[in-house]
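Asker: Use these hints to put chains L and B onto chain Z, whose structure you have.
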Amino acid sequence: MEWMVTANEPGKTYLMQGNEAIVRGALEAGIRFAAAYPGSPSSEIMTMLGHVADDMDIYAEWSTNENCAFQACMGASMGRVRSLCVVKQNGLLTLGDSLHTAGLSGCKGGVVLLVADDPNAHSSTNEFDSRHQARAAGIPMLEPATFQEAKDMMIYAFELSEQLQQVVMVRSVTRICHGRGNVTLGELPASPSQPLPIGEWDKLISINWFHDLQFTKLDQAQAAFEENPFNWYTGPEEPELLVVTSGTGWLYSVEAVDALKLGDRVGILKLGTTYPLPEKFVLRYLEKTSRVLVVEEVDPVLELNVANVIAHNPGLNVSLYGRYQKSALPQSFELNPDVVIAALASLMGIEYQAPQTGEVPADAVVNIPARDLTFCAGCPHRASFFLLKQTLRIHESNGVVMGDIGCYTMGGNRAGHFLLQSIACMGAGINMGEGLGHLSRFGFEQPVVALAGDSTFFHSCLPGLVNARYHDANMLFVILDNSATAMTGFQPHPGIPLNCMGKPANAISIEKVVEGIGCSVTVADPYEIEATTQLVYDLIKQPGLKVLILRQPCATLAVRTKGRRKVWVDPDLCRGDECGCGRFCSKTWGCPGNIWDYEIGKAKIDEVVCIGCGVCASLCPAGAIKVEGGQA
Amino acid sequence: MSVQLGKDPLNVVICGVGGQGNILASELLASALVEKGYYTTVGETYGASQRGGSVMSHVRISAQKQYSALIPRGEAHIIIGFEPIETLRVAREYASKITKVVFDPRPNYPLGVLIGEAVYPEIDAIAAELKYLCGSVQILEATRLAQEAGNAQAANILLMGALTAMPEIPLQAEDYVQVLNQRFKGEVYELNQTVFDLGFNSLAV
Amino acid sequence: MPGGMQLKTEVLATSACALCGACLDWCPYLKNMEDHLVLSFDCPVQEHGRCYSVCPRTFTDWQAVNEHFLAGIPYDADIGAFQTVYRVKGRQPLGEQQDGGTVSTLLQTALLEKMVDAMLVTGHEDGLTPLPFLMEDAGDIQKVAGSRFLASPGLRKIIEAREKGIEKLAVVGRPCQVQALRKMEYNKPPEVPALDVLSIGLFCMWSLAWSFKDYLARTYPGITFSRMAIPQHGVELISNEGTKQVSLEAIKEYIRPGCAYCLDMTAELADISVGAFEPALGWNTVLVRSERGKDLLERARSRDLLQVEEYPPEELNRLRQASRNKKARGLSMIKQAADQQRFAPFIDMSQSPYQEIIAESSGKEGF
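From first to last, the protein sequence lines stand for chains Z, L and B.
Just so we're aligned, residue 1 is where the first sequence starts under this note's numbering, counting upward by one.
Just so we're aligned, residue 1 is where the second sequence starts under this note's numbering, counting upward by one.
Just so we're aligned, residue 1 is where the third sequence starts under this note's numbering, counting upward by one.
Because the hints were derived from the structure by calculation, they are not lab data.
Note that this is a predicted model, so its numbers are computed, not measured.
Wrong hints could be hidden among the right ones.
[As the list claims (entries may be wrong)] Derived DSSO-like pairs: lysine-lysine, alpha-carbon spacing no greater than 30 Å straight-line: (1) K252/B / K541/Z; (2) K164/B / K602/Z; (3) K31/B / K213/B; (4) K97/L / K288/Z.
[To be verified] With the C-beta cut set under 10 Å, the calculated list includes, among others, these residues of chain B facing chain Z: (5) M1; (6) C27; (7) L39; (8) D137.
[To be verified] Here are the computed distance ranges between Cβ atoms for each label pair: (9) R441/Z / G127/B: 44 to 52 Å; (10) N151/L / E359/Z: 36 to 44 Å; (11) P10/Z / A128/L: 49 to 57 Å; (12) W568/Z / E174/L: 40 to 48 Å.
Even glycine gets a Cβ: it sits at the ideal position worked out from N, Cα and C.
Pulled out of the complex, with its shape left as it was, chain Z reads as follows (with noise of 0.2 Å):
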């Protein structure tokens, strides 16, 4: 197969995804060693990095979780070794704890932090700026404003680890991990770097007494980011306005000021290396202008580093507009050039007139359903929350249900029939569930149950399990076992035996781990609804810690290997809106690949969209659905 990413073209301009420009930057800088825990927008890093291993002869692990992924980068750079560790936002802050104790002990062979941050929250439960970390843990950072920086920022900030012996944060956004454009590759590393043999005295400790340190290599970061080729100015020589900017905020402003034709008036000053910032740099700039309008995502991260600069330099005259209050940018979602447009236009005091959509007459104004999301066709969570649901109604004693991370978050909206109770962070069901189930000694009489996905379960329900077991909680906890990490792109966990490159791993019996903690498992299949219900419903009324695994495998993984089904519907014998039905398929059950005729008002298969698992055949009431050589 091959591989951009691999390809030995250099100066030849491929279309690449960011992800996938980072990935080639990786390559180009010749890491060793790389690990990370899937999340939405940086998940494709890995995934290819794992295609490539053979290739590169590199290691690259799908770690049980951030923190094992960051802290194995730290042990690879130990042995001088580059390594990468590739998280979203969220898993940053799982690896916070490591982050700032790797801030205080540095490290040897280059490690570089690839976060990649989800203004607007589109695959994501919030939206939040990771850059504060690099100030927190004390680390540089830097943000690539286009795919190409996203390549070579990779190579740059290798050289600047090994050259300050400090790990070095790039933050990228979802416009640029999931957006594509022109990159031009470089040359790949005629061979990757070598581990060398750690003397005695060789070694990685954190200990305040370096907090000094620390300081002096922020210092010596500043010194190479003075002068930097990620850093330039474009405009006038004495702007009326000085855009300040970095990440996506770049383009968005350039567009900005073409669009309202300021070039000769507006000056853009784009900043690639943004912690610690180039003071003195910026502060050339500052001295030109009287206003600033600092354009960046998610929070005014850089407008107030600039902010401070301006205060500790009283000679300067300089109004300073961006996110902060909202004073010239919305202080939340995403940018794009409407909104920059706009600000950049009010400060100016211009009005722009954006081509006009037609005008459409009240009458011709079309009602669009909303298209929430939902479980795919065939998805055993859909089974899973429907039993579940079904049994805590018939329990009639108000059963509590804890949610956590991956495909079944979506329980706790309409395809899960509003489930869930609570939603915070991976891990969160579990201990949330513990704690609630407690109160039962106060006469507290709900049963409480939380859920937690297979791959959720090793990434942070182990302490959780061994805390609710080690305190005999009262709750019934339930491992939605899907054997995949779905929610990401179905990328591999302990549980399933082959790794991130393709090869065998030994995968871990979720039972036995479970047994081990000494907790009493049954394991039953989602799919098989009615039994399950009885099941769970026994379940409840035991008190103490219960944990139950429901397995059926991910049904978009499953076609690929196992291929459709063929599924109908009996138009003579479906009831449809009669009493007995009531089009229980697609108004309860829900599946996308249930539909209705409206042409014979009957309920009917979408063929594109079924995966042929049967359950809906075996829920309706007048056993009207067919399946393709019976059921299984």
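Answerer: Only chains L and B this time, still in chain Z's reference frame:
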């Protein structure tokens, strides 16, 4: 070397529902354009689209420089819609009288419609509103045609064929086919090429 | 006829449900486990809801129903229309029977005489936990002999009976179940074929929630009870380690809330009703209501399976008073529910005999 574009940047939106091959289609298009020497930026909004959500790719083509990943309001020159209500949703944001729309009329029902809480609008009504919003509107039954050709899942390639045939797009059929050839082999390549040609020859442009 | 959502708001969610089981197994929305009966998901059917039409706790003109099925039979305001009342005893013991074993004998007779093809009876799994049985063999009757005190939604088996092609069915049921059976027939759409039901109604004061088993497990840990009986005073639980007495006070906590709204102690709409005979152990009270019921009793008597004797008048009066008291209590609870806006009355309070009983009880507690 790239030929100057009539409109620079040329802005194309490709939209639909997760699972329709939207991303692949826009990626192949953009690769062909880069191969021809153009700066191309593709901005993908898909979030959790795998789970039936809306998908949108913004493709920005320029002979001069790299543009940002998002098209400003009303500045889409072409919208290719894989699904009717997604096409309308996108058009309301990004279309204006400068916009040409081509869409596949096959509905993909959102959960709200399936459960009977919302009604899926009539295709005629959708086309009518699009006509108010945009410069021109054409319907292309890509899924049906692709299904007849042997695989409903290849509707995305058919639509890319139709797009490539448009005069604004600085590509010949061979340019796109070359990319298909790099990506697919054997029967899959043959089918995709057949379907691409069907699309290329399908629209009155 | 409204549907599932209305059934939920008026009956299931208000604790008015009698757990007769008539609404179950027709659709995927109504679910039952143990003694929970719920609408598990919202039902979109707003018209022609079968569940609503058969439920004994939705509004019914019982006078009209009585007229339809028991026309011409002398009507008694306290214990319903009946022809004669007897005290009866089975001549052959049939396993662990309760009281006089009359019900078991009647069932045996009905099958032997081919009056019915099958019978629906509530038996048990472990002596206490009720389980409905649909059976076609007279020999199986022993399995279901004895009284049940925990409620079971046995009428869910009606659908199964139809599917099996059974045309004539004997059903032993609580008064609420007999009511539901009559509503099924009274309200059925014309195109649905009649299921010929011969109903043997049981006298009933209340039934217990299944949480009573948890109470027994807590109070008498490690003991397995095989039978429950209610002799003159208190409640007896029989195990192989002897008999335990449970006070009526303790039992009260486990009486199903739905039973509080019941106005029918003697299964007034059955073909024949059977209950305990208080004055003497080993005998039953039998109220013969319809011609079919009379026919059944005659056949059992002529096969010499039953001993049928005259009923002491003073006992009849006591029976009538007990039934009247139950109606009074039930009416009081229904009125309370209406006043508290929990649900509207499911009977016409102005109809006879409710009107009279309310008037009589006026001034007393609850009114």
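Asker: All hints are to be evaluated individually against the structure, with a verdict given for each.
Answerer: Status of the hints after comparison with the structure:
1. Using a Cα cut-off of 30 Å, the hinted pair K252/B and K541/Z holds, with the two alpha carbons roughly 23 Å apart.
2. A threshold of 30 Å between alpha carbons decides the hint, and for K164/B with K602/Z the separation of about 27 Å falls inside it, so the pair holds.
3. Taken as a hint, the K31/B and K213/B pair is honoured in the structure, with Cα atoms around 21 Å apart against an allowance of 30 Å.
4. Only pairs whose Cα atoms come within 30 Å are accepted, and K97/L paired with K288/Z is rejected, the gap being roughly 42 Å.
5. With a cut of 10 Å, the hint placing M1/B at the interface with chain Z holds, because the nearest CB-to-CB distance is about 9 Å.
6. For C27/B, the interface hint holds, since its Cβ comes within 10 Å of a Cβ in chain Z; the closest pair sits about 5 Å apart.
7. For L39/B, the suggested interface contact is upheld, since its CB lies about 8 Å from the closest CB of chain Z, less than 10 Å.
8. Taken as an interface hint, D137/B does not check out: its beta carbon lies about 28 Å from the nearest beta carbon of chain Z, beyond 10 Å.
9. Hint check: R441/Z to G127/B, Cβ distance near 34 Å, so the stated range 44 to 52 Å is violated.
10. For the hinted restraint 36 to 44 Å between N151/L and E359/Z, the CB-CB distance of approximately 41 Å keeps it satisfied.
11. Taking 49 to 57 Å as the suggested C-beta distance range, the pair P10/Z and A128/L conforms, at roughly 53 Å.
12. Distance hint for W568/Z and E174/L: a CB-CB separation of about 42 Å, consistent with the stated range 40 to 48 Å.
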